[in-house]
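So the protein lines, in turn, are chains A and B.
Under our numbering, think of the first position of the first sequence as 1015, with each following residue one higher.
Under our numbering, think of the first position of the second sequence as 1019, with each following residue one higher.
One or more of the hints may lead you astray.
[Claimed, not checked] If you want a taste of the chain B side facing chain A, the calculated C-beta under 7 Å gives, among others:
| # | residue |
| --- | --- |
| 1 | S1028 |
| 2 | P1121 |
| 3 | Y1152 |
[Claimed, not checked] Under the rule of at most 25 Å between Cα atoms (straight-line distance), these lysine to any residue pairs were calculated in the SDA-like manner:
| # | chain 1 | residue 1 | chain 2 | residue 2 |
| --- | --- | --- | --- | --- |
| 4 | A | K1248 | B | D1305 |
| 5 | B | K1297 | A | L1263 |
| 6 | B | K1304 | B | E1332 |
| 7 | A | K1016 | A | A1216 |
| 8 | A | K1248 | B | T1331 |
| 9 | A | K1066 | B | A1086 |
| 10 | B | K1148 | A | K1016 |
It should be emphasised that the hints constitute simulated quantities derived from the structure, not laboratory data.
Please read these numbers as outputs of a predicted model, since none were measured by experiment.
Note that CB positions come from ideal geometry on N, CA and C, so glycine has one too.
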Amino acid sequence: MKIYVCIKRVPHTAARIRTAPPGSAAVKQIQTQGVEFAMSPYDEIALAEAVKIKERAGGGEVIALSLGGEESQTILRTALAMGADSGVWLRAAAPVGLELDGFQVASAIAAFLRGRPLDLLLFGRLAADDQSSQVGVLASRLLKLPVVAGVTRIEPGEGSVRLHHLVDGRVEVVECKLPAAATAQKGLAEAPYPSIKQIMAAKKKPIEITDAVLPEPVLEVVALEPPPPRKSGKIVGEGTAAVPALVKLLREEANAL
Amino acid sequence: MNLLVFLEVSGGKVKRPALEALGEARRLAQASGGTVSVVALGTGARAAIQAARGARKAYVDESGAHSAFHLNEAAGAILAAWKASGADGILLAATSVGAELAPALAAELGTAVAADALEVSWRDNALFVKRPIYAGKAFAVVRFRKLPAIVTLRPNVFAEEPGGEPPSEVLPVTQGETDGRARVVDVVEPEVKKVDLTEADIIVSGGRGLKGPEGFSVLESFARTLGGVVGASRAVCDAGWRPHSDQVGQTGKTVSTRLYFACGISGAIQHLAGMSSSKTIVAINKDPNAPIFQVADYGIVGDLFEVVPALETEVRKLR
Chain A
1015 MKIYVCIKRV PHTAARIRTA PPGSAAVKQI QTQGVEFAMS PYDEIALAEA VKIKERAGGG
1075 EVIALSLGGE ESQTILRTAL AMGADSGVWL RAAAPVGLEL DGFQVASAIA AFLRGRPLDL
1135 LLFGRLAADD QSSQVGVLAS RLLKLPVVAG VTRIEPGEGS VRLHHLVDGR VEVVECKLPA
1195 AATAQKGLAE APYPSIKQIM AAKKKPIEIT DAVLPEPVLE VVALEPPPPR KSGKIVGEGT
1255 AAVPALVKLL REEANAL
Chain B
1019 MNLLVFLEVS GGKVKRPALE ALGEARRLAQ ASGGTVSVVA LGTGARAAIQ AARGARKAYV
1079 DESGAHSAFH LNEAAGAILA AWKASGADGI LLAATSVGAE LAPALAAELG TAVAADALEV
1139 SWRDNALFVK RPIYAGKAFA VVRFRKLPAI VTLRPNVFAE EPGGEPPSEV LPVTQGETDG
1199 RARVVDVVEP EVKKVDLTEA DIIVSGGRGL KGPEGFSVLE SFARTLGGVV GASRAVCDAG
1259 WRPHSDQVGQ TGKTVSTRLY FACGISGAIQ HLAGMSSSKT IVAINKDPNA PIFQVADYGI
1319 VGDLFEVVPA LETEVRKLR
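Take these sequences, add in the hints, and give me the full structure.
Listed below in structure tokens is the structure:
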């Protein structure tokens, strides 16, 4: 199987996110100084699953694809260390965080993949930065591939694949003819920690570089805001003795019970 | 602007998040001088759309193709309704179904999705959406530079709009050609039907303080009494105590519930990001210095295995 996995470099999920103070020039970007970046967690799951599928089948090819500026190469190297055979850098002028909308990113991916042989196209369910949760399905549909979002299990078959996902509280199993696409949900696979040997080997693996073809944006970010501060709460008390007072507050003050 | 709202039908009824989306669509249509149409799919859709008060036209496809969720067929039917309705935008609730459908529609319409909206407004002849990014560590306000717009709305954030008449015109739509490349071959219903965390009204979440998977029975019992559902922290899901679908946080689900109980959860930043937009937050933790108390409206310092059952008893007295 030839499997493409689309990955994105995002701020680490443990990172604090600061928006620029109102009135400053960079109000449409977060402050990246001191922020550690990593592969978006769902993309990591998709990649780990792709490598597992290849290993189980005893052959095949896993290609990691990332869109962005120079920094894309670091995340592609990580993917190569995790077991991808090669990388594709869809080169954009600048880092891609919130700058491009989902339609632009999906279009660039589709434009690159159109006409190329592939069996499976995998994405993370959503990116941990812009959380637009659309690029996987959008790109797949632009390529006219059958796609299932939020899959928790992938069962490759002969010329087809069975994809499990949770819909409205129940698990549905969708059988897709190949080529097919899916976005990864938690539980699909565990991301591996690459060994030093794998990291060294990754340096020798090839990365193809192509300029991304981007359409006009549909969405424009007009402002970023910090979340509204929560008013400071109160410790009602200690142990079970505080329970009646808590219930009274939830009922009378918060109107929550 | 004229809007089309996708009404997700489950168990013969329109789901509440879809009615919330309809409420917001009615307010937007009123502010911008437009009308609202709705589309519903599957068995019972025709009866269910009686709940779509304030919508002028309803498009219905009751064919068997929608007995399970077939993305291609569902998107096809919604597109047919969109063409017939002449709408400038499509609103969907950000449920598992809505989140999967929206980008499929966007691909056909050559547009992007503004996902998981917390606010939607029409001003200066354009549609603006405020939405969470970095799991709620920040919000972005985005503007659609062109129409049609596709927006998914976060459940529990928008109010239903009272009053109005059911749709006066009910029109059939069909999904068009099936390409046969994907079909649902199996549906596994859970033993106990559980409301998705993102749609839940009340969540009782547990963390490492539960000490093991069996500890969660205390929370299950309390959640049942409240009519809520159980959630969990990342540590607990990674340890296999709870399924990943229960995880609240940046790498799990971002929720805005009416009432959120955090029991034995210290409050790692990625968990706080996922739940701090809930309306009322209660924390129960042994450690008075746990970060969770900084976002909680009310806190009790103590052993959750004593406090939670006592809370359940106290709540029962109210019923």
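Structure-based check of each hint:
Because the closest C-beta pair between S1028 of chain B and chain A is about 5 Å apart, less than 7 Å, the hint holds. A least Cβ separation of about 4 Å between P1121 of chain B and chain A falls short of the 7 Å threshold, and the interface hint therefore holds. Proximity of Y1152 of chain B to chain A holds as hinted, the smallest CB-CB distance being about 5 Å (cut-off 7 Å). For the given pair, K1248 of chain A sits about 15 Å from D1305 of chain B by alpha-carbon distance, which is consistent with the 25 Å threshold.
Pair hint K1297 of chain B plus L1263 of chain A holds up; C-alpha atoms about 14 Å apart against a cutoff of 25 Å. With a C-alpha separation of about 20 Å, the suggested pair K1304 of chain B and E1332 of chain B falls inside the 25 Å cut-off, and the hint holds. Straight-line distance between C-alpha atoms of K1016 of chain A and A1216 of chain A comes to about 19 Å, which keeps the hinted pair within the 25 Å bound. For the given pair, K1248 of chain A sits about 22 Å from T1331 of chain B by alpha-carbon distance, which is consistent with the 25 Å threshold.
Distance check on the hinted pair: K1066 of chain A and A1086 of chain B sit about 29 Å apart at the alpha-carbon level, beyond 25 Å; violated. Taking the CA atoms of K1148 of chain B and K1016 of chain A, the gap is near 39 Å; set against the 25 Å cutoff, the hint is violated.
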